[in-house]
Amino acid sequence: MTTTLDTIILDQCADARASWSTVVAAGDVLTIIDLHGNQAVDTLVYSAQDHAVRYSASATIAAQRNLFLTTGSILLSDDSTPLMTIVADEVGNHDTVGGACSQESNTLRYGHHTKHQHACVENFLIEGAKWGLGKRDMVSNINFFMNVPVDADGTLGIVDGLSAPGKSLSLRAEIDTLVLVSNCPQINNPCNGFDPTPVRMVVTRS
Amino acid sequence: MSTATTQAAKEHARSQAIAIDGPTPPDGVDRLTFADTVPGGRYTTMVLSRGTRLRLRDVDGNACANILLYRADAPWERLNAADTVKVPWQAYLGVGHPLLSDQGRVLATVVADSSGHHDALCGTTSAKSNAAKYGSGALHSTSPAGRELFTVAAAKNGLEPRDLPPSISFFHGVRVESEGSLMSTGTAGAGAEIDLLIHLPVVVLLANTAHPLDPSRTFDTTALDVLAWDATEELADLPNTEPEYQRAVWNTESTWNSGLKGTR
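These protein sequence lines map, in sequence, to chains A and B.
In this text, residue positions in the first sequence follow this note's numbering: the first is 1, and each later residue adds one.
In this text, residue positions in the second sequence follow this note's numbering: the first is 1001, and each later residue adds one.
Hints were generated in silico from the structure; no laboratory data involved.
Virtual Cβ for every residue (Gly too), placed ideally from N, Cα, C.
Treat the hints with care, as some may be off.
Stated by the list, open to error - Quick partial rundown of chain A residues pointing at chain B, CB under 8 Å, derived from the structure: (1) A62; (2) D79; (3) G132.
Please model the entire structure based on the sequences and the hints provided.
So this is what it looks like as structure tokens:
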């Protein structure tokens, strides 16, 4: 969390349904503030020096032997390099299994009439293009503030979020990281209360 | 045998060839279109036509078939593990479960399963993780990591490490316990099989290597049989009536009929 000793490097809003990105230098802390509550912040993380080194949901959950991300979770790359560590979390449970919504997956989940709605993969592609990333670089992601429980019989689904207005989480960069965000445009599931809202992104240096 | 001359060296090399026993074809199948036995810690790769039935068999009870699928004609479309569990509302793989691409299409459907021990959550191992667990994860070590094996298999299909998303694995089960913790449920034992029906031409990368949550401290992965044959008629009788699956099949058939069919 931000303290009076920290210097604010960046303080921006990621608008509802918009994409956003920045490079967080090693040691700096990115705090994501869920301004209105229940927003889903779809996030991809890459080594800023080598985009081939990128976040792996499966490597991360296998290493920590737990499906959910919270304080202490280390975000691992696909070659097991620590990218970022969650150092503070006011929610307690973030998803990394559900992936990002896409126009194509939305046709399966909600019907073909949703094909031309906003979708996170579209945001990732347009934002990633600014950094030279293409479709092959669109990998597994994190959904901060999104709640995806798994029942005993394996049934899983996106349910009402655990976040609330003003709740935040903070990530310390272990190496220089490129962070790509789609502030989830999804309006067909409860991840953001069927009402996408802005989030605040603050980078601090101590 | 002398190898002092080119002729002698040729004869020496040729004398090394021996006939090998491939996997046994299933009853009622006249002709296998692909057959391989993959030892523990090794990989295989193949291109399969639409309508192929792919059978994986855990020969000795400790195989772990980590797989990735790519559309053969458009390899930037590939298996998406997240959609594969999210869209069917089900984390555990079984009969009727689609393996979905990132473009809303079915690459394969699970059509038979005598194992029930599979995982779509943990992906595969890295050189670092295997080095920490077994002492090495290098390609030709005694404990090769899945990502090292996938890297080579991918390269043989013109694909790079950045083309390797999270994989899924057959024959080593994982269950999610309370609060999200993960537990290995091991394998189903020798002889377990899983069959996939292929919906679009695909490149298959297959690494037979220990699951990330394998509780054994030693690398014990055993052989995997891989068999494939034509079963095109089965595409007309699919084992899943869920609406999400039906829409995925619709997307897939639409793609096949609108263009790919003519290029077969």
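Hints the structure violates: just list their numbers, smallest first.
3
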